[in-house]
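Enquirer: When we follow the numbering used here, the leftmost residue of the first sequence carries the number 8, and every step to the right adds one.
There may be inaccurate statements among the hints.
[What the hints assert, rightly or not] List of simulated lysine-lysine pairs, DSS-like, C-alpha gap at most 30 Å:
#1 412 / 509
#2 79 / 367
#3 281 / 201
#4 324 / 202
#5 202 / 104
#6 277 / 79
#7 104 / 79
#8 277 / 409
#9 509 / 79
#10 168 / 367
#11 357 / 277
#12 79 / 201
#13 281 / 542
#14 168 / 182
#15 277 / 104
#16 182 / 201
#17 367 / 357
#18 324 / 409
#19 367 / 104
#20 104 / 357
[Claimed, not checked] Label-pair distances were calculated between CB atoms; the ranges are:
#21 115 / 156: 26 to 32 Å
#22 287 / 82: 36 to 42 Å
#23 364 / 287: 50 to 56 Å
#24 138 / 505: 32 to 38 Å
To be clear, the hints were calculated from the coordinates, so they are not data collected in a lab. Here the structure is a predicted model, which means the values were calculated and not measured. Idealized CB from N, CA, C, for every residue including glycine.
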Amino acid sequence: MTDIEKPTNFIQQVISADLDAGRVDSVVTRFPPEPNGYLHIGHAKSICLNFGLAQQFGGVCNLRFDDTNPEKEDDEYVQAIIEDVRWLGFDWAGEPKFASDYFAQLYSWAQHLIREGKAYICELNAEQMREYRGTLTEVGKNSPYRERLVEESLELLEQMKIGAVDEGTMTLRAKIDMQSPNINMRDPVMYRIKKMAHHRTGDTWNIYPSYDFAHGQEDAIEGVTHSVCTLEFAANRPLYEWFTNNLPLPSTPHQYEFGRLNLNYTVTSKRKLKQLVDENHVDGWDDPRMPTISGLRRRGVTSAAVREFCDSLAVAKTDGIVDLAQFEHFIRDDLNETARRAMCVLNPLKITLSNYEEGKEELLSAAGHPNRDDLPARQLPFGREIYIDHSDFSEDTSLSRKKFKRLVIGDYVRLRGASVIRADQVIRDSHDQIIEIVGSYVPDTVGENPPEGIRPRGVIHWVSATNSVDCDLYLYENLFTEAAPDAGEGSFIDHLNPQSLKIVKNCKAELGLGDAVVGQQYQFEREGYYCLDGKHSSAEKLVFNRTINLR
RNA sequence: UGGGGCGUGGCCAAGUGGUUAAGGCACCGGGUUUUGAUCCCGGCAUCGGAGGUUCGAAUCCUCCCGCCCCAGCCA
């Protein structure tokens with residue numbers, strides 16, 4: 008596509024070096040979401056990175072669900088994530104993987120560490136454990152259970168596993184260093200008791216491995232060579248390495264961290280997105296205002312646009328906030344190329360062309376796209392009565408041609424794909440509101456320049472008043488009024504934009520839009536990009552979502 | 001404050017001692033245009049600060065300043 012060589016990021020450099028030095032034979036990456044929510048644009052960056060890396064180096068990428076905490080996880084999320092990754096255009100190696108598939112293996116590795124004297128059952132409760140852990144500036148102190156006998160720990164772990172121990176009373180901990188300046192190394196928890204059914208393993212287990220005890224081992228089992236995660240896990244890397252170094256693993260993966268994506272005027276935290284859904288601030292996870300993959304899809308954003316955007320992002324260790332305008336650029340860029348053109352009048356104002364034969368209707372042909380002839384042409388019914396948008400007419404005839412390239416009394420304008428017309432007279436109702444314009448058309452100007460002396464001020468869109476389809480338009484704005492909804496005091500909820508959804512009813516769309524299908528993008532010329540909403544649209548009522556306006 | 005990480009134009013960034021300091025977004029001019037769209041042309045920084053090393057530093061050293069992450073039996 009582009010002949011400009013893209014600079015390589017630091018992870019690509021590491022992989023190249025590993026390949027060159029023979030440290031790895033082929034690349035294996037993974038995208039490891041926890042199925043506790045829907046994927047969002049931030050995940051898209053990680054997905055494009057991980058699957059992209061595998062593609063670039065001829066390796067493979069796994070989709071792995073990190074389902075180590077049954078508390079917040081659900082199969083609903085598993086299915087949604089699978090759909091979203093597919094929609095983004097990626098395919099994983101083999102079947103999706105699950106951390107829960109490795110629970111038995113993890114358990115025996117835990118026993119291994121106990122036997123090696125590197126793990127123990129601790130009976131400190133949560134509060135005590137916090138006290139013993141120390142703080143950022145003070146070292147911690149050893150748990151009184153730290154030197155428990157191996158056999159005893161082994162037996163207690165088994166008791167925990169079968170459900171004979173109460174939640175919160177015991178944990179399995181790695182015996183590392185309570186004096187470590189890295190708090191993550193102060194005897195971290197490997198297993199905690201949760202007498203809770205797991206969405207895949209049911210009630211087989213009463214204990215579940217912690218993220219730290221699970222992640223590196225999952226990577227090792229799958230032969231992941233480069234385990235790429237976000238910056239906040241950097242402090243966990245020594246622990247990741249401690250486990251991979253102290254366990255008899257089938258391979259030794261390595262962790263690399265990059266900066267997660269932050270976008271202004273939106274939130275990208277599963278917790279906050281879930282709150283928006285749970286408190287009904289939005290119409291579900293796939294509300295078109297949500298930065299979720301499903302929301303973007305419903306909004307009409309193409310997966311190509313998401314991919315292009317993600318590829319434009321730097322993979323580095325800086326944590327900046329990307330301007331929403333950058334994402335919007337890629338959305339428009341793709342839609343401009345792919346969206347079919349159509350016309351829709353949001354705020355209809357009737358124009359009667361007095362010199363056009365009454366009862367006559369002709370079919371005009373318009374291009375499906377200005378510079379693509381592979382898209383089918385459209386048929387536009389044209390007659391004596393048409394609609395234009397109210398905002399395309401002004402009574403102020405002093406407006407300069409340059410400033411107002413639309414219709415004014417006594418002047419001409421080109422109807423897109425049709426004739427040049429002139430406005431002659433304004434008709435008002437009893438409240439002095441303009442309800443109709445009487446005008447005239449210039450014969451033989453369809454696809455032809457008007458005669459000398461007639462200079463249209465501009466080109467406006469229109470639709471037949473007698474042969475069109477009605478529809479409602481959902482216009483979306485940013486969900487938040489603040490660039491950084493999370494910043495400052497108060498809740499991000501306080502910064503919700505009350506104007507984020509505006510519904511415009513009874514719009515007039517060109518006839519062909521009656522056959523619009525979900526998943527097809529349209530550009531309503533001079534208005535913006537739209538798509539049929541799968542949730543609100545029905546046979547009787549067409550509903551279109553505005554993906555984004557034109558610049 | 002202990003540990004880890006990061007600071008290049010309004011935003012995202014490339015840059016790994018010698019280049020006129022890439023590119024994209026945004027913005028501002030101008031041209032084309034039956035979408036005030038697209039497209040095209042042009043404009044737009046001395047690199048957090050201060051010292052130092054060097055013939056030469058955004059790139060190396062020192063000190064300072066600022067921001068982010070870690071004190072869940074979350075991930």
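Enquirer: All hints, please: hold or fail.
Expert: Outcome of the hint check:
For the hint pairing residue 412 with residue 509, the CA-to-CA distance comes to about 26 Å; that is within 30 Å, so the pair holds. Proposed proximity of residue 79 and residue 367 is contradicted: the alpha carbons are some 64 Å apart, above 30 Å. A distance of roughly 23 Å separates the Cα atoms of residue 281 and residue 201; the hinted pair therefore holds under the 30 Å criterion. Restraint check for residue 324 and residue 202: not satisfied, since their Cα atoms lie roughly 39 Å apart, outside the 30 Å limit.
For a cut-off of 30 Å, the pair hint linking residue 202 to residue 104 stands: about 24 Å separates their Cα positions. The straight-line distance between the Cα atoms of residue 277 and residue 79 is roughly 11 Å, inside the 30 Å bound, and the hint therefore holds. With a CA separation close to 19 Å, the supplied pair residue 104 and residue 79 stays within the 30 Å bound. Between residue 277 and residue 409 the CA atoms are separated by roughly 48 Å; this puts the pair beyond 30 Å, and the hint is violated.
A hinted pair counts as satisfied when its Cα atoms are at most 30 Å apart, and residue 509 with residue 79 does not qualify at roughly 33 Å. Only pairs whose Cα atoms come within 30 Å are accepted, and residue 168 paired with residue 367 is rejected, the gap being roughly 82 Å. A hinted pair counts as satisfied when its Cα atoms are at most 30 Å apart, and residue 357 with residue 277 does not qualify at roughly 48 Å. As the CA atoms of residue 79 and residue 201 are separated by approximately 12 Å, the hinted pair is consistent with the 30 Å bound.
Proposed proximity of residue 281 and residue 542 is supported: the alpha carbons are some 20 Å apart, at most 30 Å. Simply put, residue 168 and residue 182 have alpha-carbon atoms about 20 Å apart, close enough for the 30 Å limit, and the pair holds. Of the pairs offered as hints, the one joining residue 277 and residue 104 holds, with about 21 Å between alpha carbons and a cut-off of 30 Å not exceeded. At most 30 Å may separate the alpha-carbon atoms for a hinted pair to count; residue 182 and residue 201 meet this at roughly 22 Å.
A distance of roughly 17 Å separates the Cα atoms of residue 367 and residue 357; the hinted pair therefore holds under the 30 Å criterion. For the proposed pair residue 324 and residue 409, the alpha carbon gap of about 48 Å is over 30 Å, so the pair is violated. Between residue 367 and residue 104 the alpha-carbon distance is near 64 Å, which puts this suggested pair outside the 30 Å criterion. Proximity of residue 104 to residue 357 is assessed by CA-CA distance (about 60 Å); at most 30 Å being required, the pair is judged violated.
Residue 115 and residue 156 have their C-beta atoms about 19 Å apart, which leaves the hinted 26 to 32 Å range violated. For residue 287 and residue 82, the hinted distance range of 36 to 42 Å is not satisfied, since their beta carbons lie about 23 Å from each other. Range check, residue 364 to residue 287: Cβ separation about 54 Å, and the 50 to 56 Å hint holds. In this structure the supplied range 32 to 38 Å is violated for residue 138 paired with residue 505, their Cβ-Cβ distance being about 46 Å.
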